[in-house]
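K.L.:
The chain contents come next:
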Amino acid sequence: MLIKRTLSFVAAAAVSMSALAWEPSGKVECIAPSDPGGGWDFTCRSAGNVMQELGLIDGSVQTVNMAGAGGGVAYAHTVSKRAEENKLLVAASTATTTRLAQKQFPGMNADMVTWVGALGADYGVIAVGKDSEYKNLNDLMDAVSADPRSVKFAGGSARGGWDHLKVLITAKAAGADDLPRIPYLSYNNGGEAMTQVVGGQVDAFTGDISEATGFMESGDLRVLAVLADERLPGKFNHIPTAKEQGVEAVGPNWRGFYMPKGADEAAREYWVNAVDTLYASEEWKKVMKSNGLIPFHPPADKFDEFVKNQVQEIEQLSREIGLLK
Amino acid sequence: METLGFLMEGFAVALTPYNLMFALLGAFVGTLIGCLPGLGPANGVAIMIPLAFTLGLPPETAMILLTSVYAGAMYGGRISSILLNIPGDEPAMMTCLDGYPMAQKGRAADALAISAIASFTGGLIGTVGLIMLAPILAKFALTFGPAEYFALFMLAFATLGGITGKNPMKTVIAATIGIMISTVGIDIATGTQRYTFDILELYEGIDFILAIVGLFAISELLFFVEARIGGGRKKMSVGKITLSFKELVHTIPTQLRGGVLGFIAGVLPGAGASLGSFISYTLEKQVLGKKGTFGEGDIRGVAAPEAGNNGASSGALVPMLTLGVPGSGTTAVLLAMLISLNITPGPLMFTQHADIVWGVIAALLIGNVLLLIINIPLVGFFVRLLSVPPMYLLPIVTMVAFVGVYSISHSTFDLYFMVAFGVGGYFLRKLEIPLVPIILGLLLGPEMEKNLGHALILSDGDWTVLWSSPLAIGFWLVAGLGLVLPTLVGPILRRRMRAALKEGPVSD
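So the protein lines, in turn, are chains S and D.
Okay, so the first sequence: first residue is 1 according to the working numbering, each after it adds one.
Okay, so the second sequence: first residue is 326 according to the working numbering, each after it adds one.
I should point out that these hints are in silico values taken from the structure, not numbers from a laboratory.
Careful: at least some of the hints might be erroneous.
[What the hints assert, rightly or not] Partial pick of chain D residues on the chain S-facing surface, computed with a CB cut under 8 Å: (1) P471; (2) I511; (3) A514; (4) G516; (5) F522; (6) D523; (7) L525; (8) Q677; (9) H779; (10) L783; (11) D785; (12) G786.
[As the list claims (entries may be wrong)] Pairs of lysine to aspartate or glutamate, EDC-like flavour, derived with a Cα cap of 20 Å: (13) S/K289 x S/E230; (14) S/K285 x S/E230; (15) S/K152 x S/E192; (16) S/K286 x S/D139; (17) S/K103 x S/E305; (18) S/K81 x D/D523; (19) S/K325 x D/D512; (20) S/K302 x S/D276; (21) S/K152 x D/E757; (22) S/K152 x S/D177; (23) D/K610 x D/E572; (24) S/K135 x S/E244; (25) S/K103 x D/E526; (26) S/K285 x S/D41; (27) S/K172 x S/E244; (28) S/K81 x D/E526; (29) S/K130 x S/D142; (30) S/K172 x S/E313; (31) S/K103 x S/E313; (32) S/K87 x S/D139; (33) S/K152 x D/D523; (34) S/K103 x D/D785; (35) S/K130 x S/D111; (36) S/K286 x S/D41; (37) S/K261 x S/E305; (38) S/K325 x D/D523; (39) S/K152 x D/E774; (40) D/K610 x D/E621.
The C-beta atom is built at its ideal place from N, Cα and C for all residues, glycine as well.
Required output: the full structure, derived from the provided sequences and hints.
P.N.:
Okay, structure coming up:
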């Protein structure tokens, strides 16, 4: 009698457990909103591999490339066609929030998806050539405040893109008021922008630490500040942050995921935890190290808030420089 | 010495079994494409671009594959010139003149053999020239500011007339169409959308791979459908090689002259391989004068243009690799591949992507040897292929292009776009509007616009910055010459070319 009772209890518990803990079975899809190669593709493929290694999913993660509109095609696809899918992740980064903030995905906003979590970041830097007269961030920002047109910046994103915004965030924090007049030259990639700075054609470089590493180590580029809360680990430890120079500017280019808004609550919980577990694993730390990613992982319940704040901040900045009306 | 070190590193890249395999594949496919009338090197490379993406090749392997196709097509073009009197591609036109008479005299095998050897010599000379010249040109790299870049791109557009000849107005129209297409999408200088009409697929602009594959491959299919639907050609017999060693030695001076001349012609932006083979042939005719039997099957009449066009094909890589300005139509297509591999063309390539550049150069040397090896014993195979009716062949080629393009982006929108470009290309060709300037406009237009903007921002709106450095002035001068010379010299050259070729070439 007792045994029978216990058994039925166990069985009932098992049933209720399985109802609670949703787990993906079979193939999981990860959309990289770009062509193969590049950051989003990397996010999907490497995170997918580590998830499999850790046994977070029993099947495989299939990376699907869906390029277009800087992520807009994938965003529209997720919102309109896959709104209730449980086994779909989409790679995202600061580029996604920037475009959302600037209304570059027509008719769509950041509330239309669920933001899952971040897996690390690449931090922004402001740098000058080795022969530049500017020795620290304050020198540079004083010049910008005195005459906004005196320092010309070069970066790898379009005008209004993330590299440009980092200049504006920093200049604003340093007290410069005429933001739209700060000259910004956009190049196809950070490397191209950097060579113009190293070659002395342009005054200052704005980009991410991973882009600047090569020229920094060769001594051609002087990194004036990294836009992080604290000094970066390892070989980047000697670079001062903007904060310690009295400029309250932070610019993480994070990498992470969003998923469809209409997915089951259990599925959402599962993926948030999965990203947490993934981020904490040794395997992922290795991936981060070999790919120049720096720790960045807002707590699970804070990530959504972080994304919305970033969108708002960028929206306001874009308005100030006249990119948004 | 430094150059040698880089070259050794290049060999280390090119000689890995993986890359070697793709060099061999490229050489083979290139020869195949080259020998098919109508499919020239530009089409060949255009078709292979999506394939390189489909296979997920790393950048250096992708470039090695494409340059091998390019070199292979230069070899292959001679086969149909000799056997059918139809040039497999434009640069092989001159090979018809003595190659076909040789074949009629029953010496087809000899003509094929000597032309393969001459191609090898020409290719070798061209590649050695590339190795010596390119690093010198690339040294300029860091002195380039936006104003110099802008002048350089002006030079590229000004010399376009030389590539495509005929009607300069049509060249201008074509380049304008290209630049217009390139303005679709986000303008990086202002961050605003241009001509996108809220269609998400247009936000990042129009992918030039679609444009290239559509314009070259699909329009080619349409041309075949229109003109040559029907059976294949009758099977050719090649015969046995009777070429003596003495005869071969006899042609060595011809080969050397042809290779060097071709290389020089290739280096000049806007000249390309056709000019290389043409001047090599005419010079040879002048040098030897009455001693030769040109036009009636002189062996040197086969060796000269073949050495010339292969020398020129390597020469055309010099401006592309060092300045980002393609010297010919095919290198323009190669440039597209570089851009889509996220490698910014221009003087910095040699410093930023030394492994790729030198890997490609080493692959050219290796490819030449491979091509010589596969071209002599396998010539029978390629000959048999010539008798496959185009009605079977072209759909296969088109299918490869479709699958390739789809596999890059998984977007059917892209396929429609590609077809639209194909139909557009067909009509443009009917109007005799050249396609290469469209591609160049598409590739270089954004760069030109960007650098103009940058130069003006840096100078605070002062236009004189565009011609304020000696380097920039030099580019403007060459651009001026490039604009004027073809109109003065072009008609004379073309008249002679036409006079030399009684039977009009079939391909463009």
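K.L.:
Does each hint hold? Answer for all of them.
P.N.:
Hints, verified against the model:
| no. | hint | verdict |
| --- | --- | --- |
| 1 | P471 | 7 Å, holds |
| 2 | I511 | 6 Å, holds |
| 3 | A514 | 6 Å, holds |
| 4 | G516 | 3 Å, holds |
| 5 | F522 | 10 Å, violated |
| 6 | D523 | 5 Å, holds |
| 7 | L525 | 4 Å, holds |
| 8 | Q677 | 6 Å, holds |
| 9 | H779 | 5 Å, holds |
| 10 | L783 | 6 Å, holds |
| 11 | D785 | 7 Å, holds |
| 12 | G786 | 11 Å, violated |
| 13 | S/K289 x S/E230 | 18 Å, holds |
| 14 | S/K285 x S/E230 | 19 Å, holds |
| 15 | S/K152 x S/E192 | 15 Å, holds |
| 16 | S/K286 x S/D139 | 37 Å, violated |
| 17 | S/K103 x S/E305 | 19 Å, holds |
| 18 | S/K81 x D/D523 | 18 Å, holds |
| 19 | S/K325 x D/D512 | 17 Å, holds |
| 20 | S/K302 x S/D276 | 12 Å, holds |
| 21 | S/K152 x D/E757 | 46 Å, violated |
| 22 | S/K152 x S/D177 | 16 Å, holds |
| 23 | D/K610 x D/E572 | 17 Å, holds |
| 24 | S/K135 x S/E244 | 15 Å, holds |
| 25 | S/K103 x D/E526 | 16 Å, holds |
| 26 | S/K285 x S/D41 | 18 Å, holds |
| 27 | S/K172 x S/E244 | 16 Å, holds |
| 28 | S/K81 x D/E526 | 16 Å, holds |
| 29 | S/K130 x S/D142 | 19 Å, holds |
| 30 | S/K172 x S/E313 | 12 Å, holds |
| 31 | S/K103 x S/E313 | 13 Å, holds |
| 32 | S/K87 x S/D139 | 51 Å, violated |
| 33 | S/K152 x D/D523 | 32 Å, violated |
| 34 | S/K103 x D/D785 | 30 Å, violated |
| 35 | S/K130 x S/D111 | 44 Å, violated |
| 36 | S/K286 x S/D41 | 18 Å, holds |
| 37 | S/K261 x S/E305 | 15 Å, holds |
| 38 | S/K325 x D/D523 | 17 Å, holds |
| 39 | S/K152 x D/E774 | 18 Å, holds |
| 40 | D/K610 x D/E621 | 12 Å, holds |
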